[in-house]
Structures are given as C-alpha cells and as structure tokens.
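Build the full structure now, drawing on both the sequences and the hints.
Residue strings, one per chain:
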Amino acid sequence: MNVKQQDKLATGILYTIAGIIILVLASLLAFILIQGLPHVTWHFLTAPARSFEAGGGIGIQLFNSFYLLVLAMLISVPLSLGAGIYLSEYAKKNWLTSLIRTSIEILSSLPSVVVGLFGFLIFVIQFKFGFSILSGALVLTVFNLPLLTRNVEESLASISSMQREAGLALGLSRWETVMRIIVPEALPGITTGMILGAGRVFGEAAALIYTAGQSAPALDFTNWNPFYIASPLNPMRPAETLAVHIWKINSEGIMPDAVAVSAGASAVLIVAVLLFNLGARWFGQHLYQKMTGTGKKGA
Amino acid sequence: MDPIRESLLKVSHQAKLERRGRIIGLFCISLIVIVVAAIFYFVASRGLATFYHDKINLWDFLTKQAWNPGTKDSHGNPAVGALPMIVGSFLVTIFAAIVATPFAIGAAIFMTEISPRRGMQILKPVTELLVGIPSVVYGFIGLTVVVPVIRQLFGGTGFGILAGTMVLFVMILPTVTSMSVDALQAVPRYYREASLALGATRWQTIYKVVLRSATPGLLTAVVFGMARAFGEALAVQMVIGNAALLPHNLVSPASTLTSILTMGIGNTIMGSLENNALWSLALILLLMSLVFNLLIRLIGRKGAMK
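Going down the list, the sequences are from chains E and R. If you're matching positions, the first sequence starts at 0 in numbering that gives the first Met the number 0 and goes up one per residue. If you're matching positions, the second sequence starts at 0 in numbering that gives the first Met the number 0 and goes up one per residue.
Quick look at which bits of chain E chain R covers, simulated, 3 or more residues with Cβ under 8 Å:
id, segment
1, 19-32
2, 118-125
3, 140-147
4, 255-265
Restricting the straight-line Cα-Cα distance to at most 30 Å, the calculated cross-link-like pairs of lysine-lysine (DSBU-like) are:
id, chain 1, residue 1, chain 2, residue 2
5, R, K54, R, K71
6, R, K301, R, K123
7, R, K301, E, K92
8, E, K92, R, K15
9, R, K301, E, K91
10, E, K7, R, K123
11, E, K91, R, K9
12, R, K123, E, K3
13, R, K207, E, K3
14, R, K15, E, K91
15, R, K301, R, K207
16, R, K207, R, K123
17, E, K7, R, K207
So these bits of chain E aren't anywhere near chain R, every CB distance computed over 10 Å:
id, residue
18, L36
19, P37
20, V39
21, A46
22, V69
23, G129
24, I158
25, D219
26, H285
27, Q288
By construction, these hints were calculated from the structure, which means they are not laboratory data. All C-beta atoms, glycine included, are put in the ideal place defined by N, C-alpha and C.
As structure tokens, this is what we get:
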C-alpha cells in the first residue's frame, strides 16, 4: 500500500470516527429528550414526589436545586472574585503564590465524592448543620471555588496591561483600577464562567448526597419565613436536589414509575444545562457589546 | 498643624482602600488554601485511623480480597481487604481511557486537520454541551440502556466492569476530545506547512509531525480523563453492581472505591472500624487524584523542555 492509499484510508477512518462520535452523542441527547420530555408536564414539574406509588412529580426537588444553586453562587461568587483578583493583580511570583496555585489545582481535580465527604465531616457533623441546604451550599462552594477563581483570574489576565497603566497614571490606587476599569472590562468573561459554573453545580449529586441529604420534606409554599421549619427558604432543612433524586430512585428501586420519573427529571436537567450553556454565550456577548459599544463577538 | 502638612502625613483614602482591597483578596485566597489543607487533614486523619487506631496492617488492607468490615475472619481479624475496589477502580479507569483515547484523538484530528469548518460547527458545540451533562444522567442512561444490552449479549445481570467502562467512556469522551483539540491547535501552523512542502501526504503530516509534537498535550488530555473517570462516583455506582468481589470477568458485578463509599458511608457509625475503613478508601481516592495531578505536571514539564 503506498502513501497515497494510506492517506485515503486514514482519512476514511477519521471520518468514520467522527461519524460514530456524532452518532453516539446525538443519540444520547435524543434518547434523553425523547424518553423524558413526554413526562414533563406542569403537574410533573410542580407536584411533590411520591415514594411508593406512581404519578409523583419533582416540584420540591426542582425548587431545592434552584435554591441551593442561588445560595451556593451567593457564597462562591464574591469569594472567587476576591481570590481571582488577588491572584491576577496582587500576587507576586514566589513560592507562596505557586503553592496557592497548586492547591487550587488540586482542589479542582479532587473527586466530588471526596469533597462531599469532607463537607459531611465538617459542616454536617462538626458544625452541626445537619443534612441541610446550608451544608449543601457550602460544599458546592468548595467544589466550585477553584474553577470560578481560575476563570476570574484568566479573564482579568486577558485584559491588556495598558488599561492598568492608564488607571494608575490617572492617580487611581491599584484597587480602584481593578474595580473600576479591569473588572468591568473582564465582566463578559467572568459572567460566562459563572454561568457555566452554575450549570455544573446544578447537576452535581455526589457531593450532595451526604450534605444536603436525600430527603425532601413537604414544603409549605405559603409561608416564606426562613425560620419556619417547612418554609421553602429555611436553609436548615434537608433538601434533596433533582440530580440526587434521579440517583436515589434508581438505586433504591421502590418507586413503581422510577424510570419514567428519572427520564423526565433527566430531560429537565439536560434542558437546564442547555439553557445555562446558551445563556452563558448569549449573555457574555450581549454584555460585551453593551460595555464596549462594538458589534464584535465577545471573548 | 497646618492642613497641607496634615494631609501629606496622613494615610490617604486611596491608600486605605488599597490596603482593604488587598486584605479582602488575601482573605479569599487563604480561605481556599485552608480548605484544601483541611480536606487533606481530615480525610487523612480519618483514613489513617484504620491503621493506627484499629491496627489494621496496611499491606493486608491493600491486598486482601475479603471486604466485610463488620465481621471477623477465622483469625479474628476484621475483613477489610480493599483489593476488589482498588482493582475495580483501576480497571474501569484504564478500560475507559483505552476505549476513549482513539475516539477522542480521532475526533480532535478531524476537527483540527481534516474538516475544521464542519468539525467546529457540529462536533465542538456538541462536545461542549456534553461536558456539562450531569453524571447521574449518564448513570441513568447506563442503567436503562447499557445494562440491558449487556445482559442480552453476554447474559448475567449486565452490571459490571463492562457497563462501568461504557458509561465512563461516554462521560470522559467530550472532556478528552476538547482538550485534545486544544493540544492539536497549539501545534504551530508552519510545522504542517513545512511537512506538506516536503511532499508528505496529509496523513503523514498528521501522524509524523502534528501528533508527535502534540504528544504532551494529548497525554495530559488522557490523564485528565482518567482522573475524572477514577473519581466519578454515582454514574459508575449505578451500573457496576456494587459487589465487593474481585471481578472474574467483565460482566460480573464488581465495585469501585467510589461506589462502596457512596453506598456505605451513610450506614456506618462515625469512629467505628466500618466507618474508618471507608475513610481509608476516600484517602486512597485523594492520593490517586494527587498522583494524576503530579502526572499531568510531569508531562507538562517534559513537554515544555522539548
């Protein structure tokens, strides 16, 4: 076989591989959506789950997922902003900084089970938060912080140093330069990363089964006092999220329509991830255009 | 004191702001470092208790096959042999990497060298989307599609290493692919031009030039995928069968470190041997993730020296 034929053969193989991958991935998406979407009705999205009979919904789990997401982002966004700003603008190049970078890298590569177990040990047992939304939100923060921090740092680092020099030349302090000039300029990148991080948090389950708990007590959606035990806003109640729910009904197997419910819940999760992805892109570009006044595509 | 002198000697508003900002940043960053240190400290102190407090031999723990921490064997020693889980974890990880690597690198070559326009339009958005799909969804699909198919084809329950491998393969494929694309794109254009100008065919260029110079990046991608596969818990737990036995074949129920951990930790009492043994498994996971990290660094350093 000469080289020309080899080239043809290899190209053919590569086309096949690409075709197979597209086929696998497309059928994966199609399977979830076709299996799941017929189950997604208003009743399914709002009704509470039932353990031993068919016809339950995912209302409480869906609410828990969103509430947990909001709480986790409320904690992790400011922290990651501060840490990212420090790393990009203040940190000197020395062993301490490289130690910090290494530990962030390690944290981002830890299996989520290990992070979850750590949360179980610290927040649930030591701090006595119990299986609660608060423990869950804190664990999700730990889980999400390294990635958000890196995202903030990279977004800030991509801003040209002329902007910093201009700020300093105007007599602004470094902090003011960062807050008034650099962060706004980097905002599209930062928001895109945050939304993608939110999508990751939304589907996380392994870190939550021993922190936010695996039960979803009935909620009273008429009482929004955070200190009332059945209030949706009470951060100390156990809260099974959507992803945990899928895992639990599949591994326990006492719910008669577990497959249908998990198919529907999976479809909801996928659609949410899709929306987060598209939202991140759209929002980043929109923000970039708005803040720079250009029609160019955002970074 | 006259006002000019006073304003010169006093710390300015800007300087105060500056200091406050630096302290806020430092606070956030030290919080992260403290959390990392705390994770290591707590997991290690719990995980090592099996060996110090319960006096389990480390070698026995790593090489014995009987896992039933509640009971004692004929010599009165607790049965804490973690070998089945360790073997299970490594098997699914290595198999998933072996299956995923050709596909991922093939797809990456397709996207960067063969048909960049179509590849970028179709393959890239799809892989990016799939990176974000929650692992429980993969587990659910494994449970409803992969396990029954394996049961049909090979008999048995369908749960086992093979099912775990298939699920992990699909899970790490998008990650490895998109990292491989980055690695291939980092190869300078003039390498390709030089090779083509010498009369090499496209495949020769890809095989002898592009792939060679992108090797460190591709290796990093694969190791990264393996790290993800090794630490993945719920998707694997749903399809592997969760029997703490050494797998006889690819379709007999097995278990991984993560699956036994997620199953067991809620059913044991804090401080008991059963519980400590589980934390030792967590410690192994933690150490393995360190090893993967180190490997990625080593590859990066080797690649940079070239």
